[in-house]
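*Asks:* Sequence:
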Amino acid sequence: MGVSFHNLGLGKTDLKVFELLSRAALNELELEFDYQKPQAPAPEHRRIRPYHLANRENLWYLVGYDLARQAIRSFALPRMTNVVVTEQKFTRPADFSPDRYFGKTFGAFVGVGDYAIRIRFDADAAGRVRERFWHESQEARELPGGGLELSLHLGDLEEITAWVLSWGSHAEALAPAELRKHVRPPPCGWHGRTVEPDIPRRRDEGVASPKNTACNTGPFSVWNISPNPDFS
Numbered sequence: 038m039g040v041s042f043h044n045l046g047l048g049k050t051d052l053k054v055f056e057l058l059s060r061a062a063l064n065e066l067e068l069e070f071d072y073q074k075p076q077a078p079a080p081e082h083r084r085i086r087p088y089h090l091a092n093r094e095n096l097w098y099l100v101g102y103d104l105a106r107q108a109i110r111s112f113a114l115p116r117m118t119n120v121v122v123t124e125q126k127f128t129r130p131a132d133f134s135p136d137r138y139f140g141k142t143f144g145a146f147v148g149v150g151d152y153a154i155r156i157r158f159d160a161d162a163a164g165r166v167r168e169r170f171w172h173e174s175q176e177a178r179e180l181p182g183g184g185l186e187l188s189l190h191l192g193d194l195e196e197i198t199a200w201v202l203s204w205g206s207h208a209e210a211l212a213p214a215e216l217r218k219h220v221r222p223p224p225c226g227w228h229g230r231t232v233e234p235d236i237p238r239r240r241d242e243g244v245a246s247p248k249n250t251a252c253n254t255g256p257f258s259v260w261n262i263s264p265n266p267d268f269s
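Residues 38 to 269 (the numbering used here) make up the sequence shown, in order.
I should point out that these hints are in silico values taken from the structure, not numbers from a laboratory. By construction, the Cβ of each residue, glycine as well, lies at the ideal position given by its N, Cα and C atoms. Be a bit skeptical, because a hint or two may be false.
[To be verified] Calculated cross-link-like contacts (lysine-lysine; reagent style DSBU-like; alpha-carbon spacing at most 30 Å): (1) K126 x K74; (2) K141 x K49; (3) K49 x K74; (4) K53 x K74; (5) K218 x K74; (6) K218 x K141; (7) K126 x K53; (8) K126 x K49; (9) K74 x K141.
[Said to hold, decoys possible] If you anchor each label on the Cβ, the simulated ranges turn out as follows: (10) G150 x Q107: 31 to 37 Å; (11) P181 x L45: 31 to 37 Å; (12) V149 x Q73: 21 to 27 Å; (13) L211 x D132: 34 to 40 Å.
Please model the complete structure; the sequences and the hints are all you need to start from.
*Replies:* Below, the structure is given as structure tokens:
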């Protein structure tokens, strides 16, 4: 008998960088590094007081105080290069709490909002939702017919938007209005997520050409979701 684990999309981590960050955080030493944001043309130089290393969604993040921005930020390790641990000491604030810092995140991105999320799942998806713990704030309400309503309190909508969309027609965003706007159904309803290409068909096939249907939008239905913000 054995035990195995599999995680999809494991983050890549340079062990040397991880060791430097760990040493700086444990010894309360400021560090410097270059940070490459996903859509930035070039890396930015940062000087940080490292508070905590966290593994979120299979990716390691450094949480620390950014001296230039005078705020606590989080940094994904794969985006960090030229890491240097300085000799400058600092004292980690006694009231810093990783649980509180990440308390209103659905994954890794820390938002500044306060959103009361409500999502309705149909009976086909409700069983899979029930068997997992999704967030510290979650509350579940059983619905007639086997469905489930899940409530959460989050600080940002980006990650929850992608998560709701991943359930396809089995999930509906009920609140807040901002989430409903991003997760609204396509013109043909949830089951119209993909539309057949506009290919001419013979009349004797007995199937109307998509060209003549009001819901035809081409080979794909597309949702325009803003990219995840980089709070660092």
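*Asks:* For a C-alpha distance cap of 30 Å, please report whether K74 and K141 respect it.
*Replies:* Status holds; Cα separation ~23 Å.
*Asks:* Can the restraint linking K126 and K74 be considered satisfied, given a maximum Cα separation of 30 Å?
*Replies:* 27 Å, holds
*Asks:* Is K126 within 30 Å of K53, Cα to Cα?
*Replies:* 21 Å, holds
*Asks:* For L211 and D132, compare the CB-CB distance with the range 34 to 40 Å and indicate the outcome.
*Replies:* 35 Å, holds
*Asks:* Can you let me know if the beta-carbon spacing of V149 and Q73 is within 21 to 27 Å?
*Replies:* 24 Å, holds
*Asks:* Below or equal to 30 Å on CA atoms is what counts here, so check K49 against K74.
*Replies:* Status holds; Cα separation ~16 Å.
*Asks:* What's the verdict on K126 and K49, does the C-alpha distance respect the 30 Å limit or exceed it?
*Replies:* 29 Å, holds
*Asks:* Quick one: are G150 and Q107 within 31 to 37 Å, going by C-beta?
*Replies:* 21 Å, violated
*Asks:* Can the suggested window of 31 to 37 Å be confirmed for the beta-carbon pair P181 and L45?
*Replies:* 34 Å, holds
*Asks:* K218 and K141: Cα distance at most 30 Å?
*Replies:* At roughly 21 Å apart (the allowed maximum being 30 Å), K141 and K218 satisfy the hint.
*Asks:* Mind checking the alpha carbons of K218 and K74 for me, to see if they're no more than 30 Å apart?
*Replies:* This hinted pair holds, its Cα atoms lying about 27 Å apart.
*Asks:* Has the given pair, K141 with K49, been kept, meaning a C-alpha gap of at most 30 Å?
*Replies:* 25 Å, holds
The earlier numbered hint that this structure contradicts is number 10, and it is the only one.
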